[in-house]
Amino acid sequence: MDFSFSSDQQLLKNSARAFLDEHVKPALVRSLIDDPRGESEALWKEMAQLGWLGLSLPEEHGGSGLGMVETAILLEEMGRAALPAPYLPTILAARAIAEAGTPEQQQRWLPAIATGSARATIAFLDNDLSWDLSTATATRAVGAPDRWRLSGAKRFVPWAHVADVILVPARSQKGLSLFFVDPSTAGITMSPAPLMDVAGRWSTLALDQVSVTEMLGPSGQVGALLNSVVLCGAVGAAAGMLGAARRCLDMAVSYAKVREQFGQPIGSFQAIRHKCAEMLLEVENSHAATYYAAWALDAKSEDHAVAASVAKAYVGDAARKVCSEAIQVHGGIGFTWEYDLHLYFKHAKALEAMYGDGDHHRELIVRQVAG
Amino acid sequence: MDLNYSPEDVAFREKTRRWLEENVPRQDLKTLDERKAWHRTLYEAGYVGMLWPKEYGGWGATPMQQAIVQDEMARIGAPPPINGLGIGFIGPTIIVHGTDQQKQRYLRKMLTAEEIWCQLYSEPNAGSDLASLKTRAEDTGDHFVVNGQKIWTSSGPIADWGILLCRTDLKVPKHKGISCFLLNMRQPGVEVRPLKQITGLSLFSEVFMTNARAEKDDLIGRLSQGWEIAQTTLGYERGANSLGRVTRYAISYHQLVHAAKELKRGGRPLIDDPVVRARLGKMYAELEVQRYAGLRVLSGLNKGETPGAASSITKLSYTEFEKRFYETALEILGPWGQQMVAGEDFEEVDTSSGEPGTFATAFLWSRAGTIYSGSSEVQKNIIGERVLGLPKEVRADRIAR
Ligand SMILES: Cc1cc2nc3c(=O)[nH]c(=O)nc-3n(C[C@H](O)[C@H](O)[C@H](O)COP(=O)(O)OP(=O)(O)OC[C@H]3O[C@@H](n4cnc5c(N)ncnc54)[C@H](O)[C@@H]3O)c2cc1C
Numbered sequence: 066m067d068f069s070f071s072s073d074q075q076l077l078k079n080s081a082r083a084f085l086d087e088h089v090k091p092a093l094v095r096s097l098i099d100d101p102r103g104e105s106e107a108l109w110k111e112m113a114q115l116g117w118l119g120l121s122l123p124e125e126h127g128g129s130g131l132g133m134v135e136t137a138i139l140l141e142e143m144g145r146a147a148l149p150a151p152y153l154p155t156i157l158a159a160r161a162i163a164e165a166g167t168p169e170q171q172q173r174w175l176p177a178i179a180t181g182s183a184r185a186t187i188a189f190l191d192n193d194l195s196w197d198l199s200t201a202t203a204t205r206a207v208g209a210p211d212r213w214r215l216s217g218a219k220r221f222v223p224w225a226h227v228a229d230v231i232l233v234p235a236r237s238q239k240g241l242s243l244f245f246v247d248p249s250t251a252g253i254t255m256s257p258a259p260l261m262d263v264a265g266r267w268s269t270l271a272l273d274q275v276s277v278t279e280m281l282g283p284s285g286q287v288g289a290l291l292n293s294v295v296l297c298g299a300v301g302a303a304a305g306m307l308g309a310a311r312r313c314l315d316m317a318v319s320y321a322k323v324r325e326q327f328g329q330p331i332g333s334f335q336a337i338r339h340k341c342a343e344m345l346l347e348v349e350n351s352h353a354a355t356y357y358a359a360w361a362l363d364a365k366s367e368d369h370a371v372a373a374s375v376a377k378a379y380v381g382d383a384a385r386k387v388c389s390e391a392i393q394v395h396g397g398i399g400f401t402w403e404y405d406l407h408l409y410f411k412h413a414k415a416l417e418a419m420y421g422d423g424d425h426h427r428e429l430i431v432r433q434v435a436g
Numbered sequence: 025m026d027l028n029y030s031p032e033d034v035a036f037r038e039k040t041r042r043w044l045e046e047n048v049p050r051q052d053l054k055t056l057d058e059r060k061a062w063h064r065t066l067y068e069a070g071y072v073g074m075l076w077p078k079e080y081g082g083w084g085a086t087p088m089q090q091a092i093v094q095d096e097m098a099r100i101g102a103p104p105p106i107n108g109l110g111i112g113f114i115g116p117t118i119i120v121h122g123t124d125q126q127k128q129r130y131l132r133k134m135l136t137a138e139e140i141w142c143q144l145y146s147e148p149n150a151g152s153d154l155a156s157l158k159t160r161a162e163d164t165g166d167h168f169v170v171n172g173q174k175i176w177t178s179s180g181p182i183a184d185w186g187i188l189l190c191r192t193d194l195k196v197p198k199h200k201g202i203s204c205f206l207l208n209m210r211q212p213g214v215e216v217r218p219l220k221q222i223t224g225l226s227l228f229s230e231v232f233m234t235n236a237r238a239e240k241d242d243l244i245g246r247l248s249q250g251w252e253i254a255q256t257t258l259g260y261e262r263g264a265n266s267l268g269r270v271t272r273y274a275i276s277y278h279q280l281v282h283a284a285k286e287l288k289r290g291g292r293p294l295i296d297d298p299v300v301r302a303r304l305g306k307m308y309a310e311l312e313v314q315r316y317a318g319l320r321v322l323s324g325l326n327k328g329e330t331p332g333a334a335s336s337i338t339k340l341s342y343t344e345f346e347k348r349f350y351e352t353a354l355e356i357l358g359p360w361g362q363q364m365v366a367g368e369d370f371e372e373v374d375t376s377s378g379e380p381g382t383f384a385t386a387f388l389w390s391r392a393g394t395i396y397s398g399s400s401e402v403q404k405n406i407i408g409e410r411v412l413g414l415p416k417e418v419r420a421d422r423i424a425r
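Protein sequences, first through last, are from chains A and B.
Going by the numbering used here, the first residue of the first sequence is number 66, and it counts up by one from there.
Going by the numbering used here, the first residue of the second sequence is number 25, and it counts up by one from there.
Treat the hints as calculated values from the structure; they're not laboratory data.
Mixed in with the good hints there might be a few duds.
Straight line, CA to CA, 27 Å or less: simulated DSS-like cross-link-like pairs of lysine-lysine [unchecked claim]: (1) B:240 - B:200; (2) B:133 - B:158; (3) A:322 - B:416; (4) B:198 - B:133; (5) B:39 - B:60; (6) A:411 - A:386; (7) A:90 - A:322; (8) A:365 - B:240; (9) B:60 - B:158; (10) B:240 - B:198; (11) A:78 - A:411; (12) A:78 - B:327; (13) B:347 - A:386; (14) A:322 - A:386; (15) A:386 - B:416.
Using the sequences and the hints given, assemble the complete structure.
Here it is, written out as structure tokens:
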């Protein structure tokens, strides 16, 4: 048993940290706030060159065939930088295609995603925002066998406005199915649904008789596929929150060392020092939770589903605590737009609600361990 | 990163499980002699003193193997060995700082529980600030004469020997004048008075030393080296293994789930109440995270890494978790959870100490962990100063120096 990163994994982490420190400074994040796309094409291409976009894709489609642990390593660093990019939605969609797509579908999308020429997303949520997709999906697909019309509403679809393809779960006569949707198809109205996070973009989709011709996975039976993708999303989000929390902790500790009041650094006051110690505890536990779950997904261990829910539920609470205490440690400056803390605070907040919030995953845990 | 147990570890676990199934006593151990006998059986099977070097009677096992044994013992509900303080850190302290003669004299009998050990550190006015201790040892030429009082001494009433911190030099700053001795508890100058704990049991005590005798040969390390030696000791204590503990919590957790299915309120089982479910979900998440974090520390130890001050994070994490867990259990169970005696409608649970009891006992026990071997507040000071590098606080005793 070895809980530490292998040397390759450590190398990946170091190079991601170095790259993001250099190219994704807070100034860049801020410069994209008013950008209509909200992301940088140049950066996306560089990420493709670094092999990040194909990291977890099969080698025959231009990927590196690595797993969720490596993906989490990247996502942690991206969270630490509050990187504005459609990385997580794209790789989740890619994962679904790699898992359930026909050879043609894989050939059509995976190499394009790996090289950075295509972005993808999944429109998980309907109006009631439930992550129990099997029961909650209200969007309808009418027709068959090779042409359907989708109608319904999709909420908070991440990065839909830059996606080349949107995977849309909808209920057909046969049950829950998943459709490839070209965002430019007639009948789709896309409007921005901005949240407080400046590193993410969301859209509302109104679907009115949208004509589609392609399904992903078995007709009427994609519940399991979607659940497994949501669990990957949950672990990915945990990794992002872990990164944001670590950034907030680092900033709080540095600040507590230099900010003086009453003639001494505020870090010498126990009220501040103990907060920082508790924050570190939460960050270290979140590391254990995130990477245990990532490993469990890769290893398909018996407890992988529980572990993913544990990670999302635990790290969500932990990141909330760490990021908000970091603001408290900073005092007034922590409440300003100019100071960078809020970038990470808000980014973690957005991830907390996605791929199932703590309450959702706590219920999933109880269903599995207590029935 | 690979969280699979190695084939050797899996085989070792199998072997351990089988051995325990065959050998765990069928009845509760009542007397000290019965517990000593069980301890010796465990020792002879290679399950006590596992990390001690072979030359001192230990088994030279890996931290992983030790963790597996603790885990399996928790799983099957085996009574723990006795002499935990001795084997956990007093022995290792002697191994590091003791003379050959001391090693010869004490180690083997400690391992076999022929002699039981206690830790004579805390005093009525020296707890977290241990270095302010006042118990004196004076050199009479032939031996040292010890006068003073210790308190909260676990296993005091059954101990044959104690590791003692006392002041041997009054003229130097407080950390510098402390020495460490091995003290014979079975002598006229040592009086042990049991103290009753909030659980109703008397597992710790006061110890009064009145012209007690400490032999020169029983000085550990050099005169006035006591504080430094105590630091090694405390390190061992905090690095203590958390995997077996987590397994005990997990067993309690499943007992709690079982109870929540059986108990009804307003005509429906508690487990169907969304508030109860949310609490259970939260506790399971926290419990699992303790396990993952424990595995992370263990895998580091197994590679020979020493966690150092970071072990404070582990200790803080699981002791605070334990309190939250049993608070939640009692919240869910209501008055059922406060019963001190297991009865027909209520089963026994394992407390974290390994002593059997009820949820109420376990709940009460959970208050101890955040006080002993460095309170939570002290751990946070250590984490703040030594792990995060935050500035030290202004303290009266630091100014005085
Ligand atoms: C079950 C149990 C078994 C024990 N067994 C033994 C044993 O076998 N041998 C032995 O020697 N001792 C033993 N102890 C004693 C234990 O080590 C002490 O209780 C502990 O060190 C705290 O000291 P104290 O009780 O004097 O509390 P105090 O030190 O007086 O602490 C009181 C409160 O003040 C806080 N505090 C103290 N200093 C600081 C600070 N610098 N910053 C912030 N807060 C602070 C503490 O955290 C605590 O909340 C045992 C205790 C318990 C509960």
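Notebook entry, point to check: Quick check: which numbered hints come out false for this structure?
Noted result: 2, 4, 8, 9
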